[in-house]
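Peer 1: Listed below are the residues making up each chain.
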Amino acid sequence: MTTVVGAVIVALLLWLALWTVVARDAFLAVAGFVVYGLLLSLVWVRLAGIDVALTEAAIGGGLTGALLLGAVGRLRGTEAATAAERPGPGLRALAALLALAVTAALMLAVLSLPDPAPTLAPLVVPNLQSTGVGNPITGVLLAFRALDTLLEAIVLVIGLIGVWSLAPDHAWGGRPGLRYQADPDGILAYLARVLPPIGIVIGLYLFWAGADHPGGKFQSATILAAMWMLVQMAGLSDTPRSDSGWLRLGIVVGPLAFVAVGVFGIPAAGAFLAYPEGWAKPLILLIEVALLPTLVLVLALLMNGPPSRHGDAR
Amino acid sequence: MSVETLYALAACALVGIGLYGMIVQPHPLRKLIAFNIMGTGVFVLFGALAKRGAAAGLAADPVPQALLITAIVVAFAATAVTVALLLRLVESTDTASLADEPPAGR
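Protein sequences appear in the order of chains A and B.
Just so you know, we're using numbering that gives the first Met the number 0 here: the first sequence kicks off at 0 and counts up by one.
Just so you know, we're using numbering that gives the first Met the number 0 here: the second sequence kicks off at 0 and counts up by one.
Misleading hints may appear alongside valid ones.
[Claimed, not checked] 20 Å max Cα-Cα, derived EDC-like pairs, lysine to aspartate or glutamate: (1) Lys30(B) / Asp147(A); (2) Lys280(A) / Asp147(A); (3) Lys280(A) / Asp237(A); (4) Lys30(B) / Glu90(B); (5) Lys30(B) / Glu78(A); (6) Lys30(B) / Asp211(A); (7) Lys30(B) / Asp93(B).
[Said to hold, decoys possible] What follows is a set of in silico ranges between Cβ atoms, one per label pair, in the way DEER data are often shown: (8) Ser243(A) / Gly56(B): 41 to 51 Å; (9) Ala53(B) / Ile160(A): 35 to 45 Å; (10) Leu146(A) / Ala53(B): 21 to 31 Å.
Calculated directly from the structure, the hints in this document are not laboratory data.
All figures in this text were calculated on a predicted structure; none of them were measured in a lab.
Glycine included, every Cβ here is placed at the ideal spot set by N, Cα and C.
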């Protein structure tokens, strides 16, 4: 029975991926990609990765899909011109051959994997207790492999700097995108007033529950960022100026607190990012609380794009 | 066939599908979508390996799963930077073409 379900999911997944890749125009491709992201979350559940499934649904499908949808609208006019550059049947056949060869080589590697599989789970479980968190994924993210999470937070900030750097000179330090206009009595404005209180509670619950159950700061930050963007799209609040000191402080507070905790570990526990005995849980909590505003701001600002206008002119 | 082998093999096909799309689709946004599909293929393969590593009472090895969460977030950031670059390219050249010689008259 499980094999049948698995086979159906796999068939749908591959069909959707192929459909997305060869779709007639970019809008259809993006629509296909969003559905593909949702189906992928199901794959993560089947692979026993509830935390990964939540992240995939929120960020992989949701945020990436919304980002691509926004881009499609602005790139409408450029599609016809590039269509002429589509490679001929000969090159397409060669590309298909190459893709098949890569797939076959990977499949061979999968079928010759060692048995039993190498695993770090037996090392994680007995050491989890010393971190004070119950969710092994959170334990890995913030204790055993905290360095990866620190670098990731820094990569996010660098990504935002990259996006902001694309601002034209005259808009430097200004606000991204157009100010959204919506009917103040319309359904969007209504939802933007009703949903955020609920979304904020759900987001903070996921944040807090992440210590012992599936969830955590990334999934939580995505929901909070989505609530903020909903308010922006309904025209209830403008996108922030990128030269605001508070905004910039909020963006860097997470990585800075993370580095500070790491440096504190050198005299206190003998290594960068090491937690002294009994201090693990409070330090992890401190990092998570500091990372939350960084993640919310960076995720939402990455969606907003580079600054494109100055002042408060509408 | 076990669940993880099934998904691992599917992941190999996803990498191939994404690679094909990245080569044959001329529009950069289509290449970006295809590249993301290729990326998810790598993620699913990694996730299947995590499932293979189920031990010590856990349903899957948590170390690769935690790295997957990191990977998904970083992939989103990279996609956002690429989209911004692409929109800027169109803004300043009026074409999304990646050809060496831009079409005449631009």
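Peer 1: Hint by hint, where does the structure go against what was stated? Just the numbers, ascending.
Peer 2: Going through the list in order, the structure violates hints 1, 3, 6 and respects the others.
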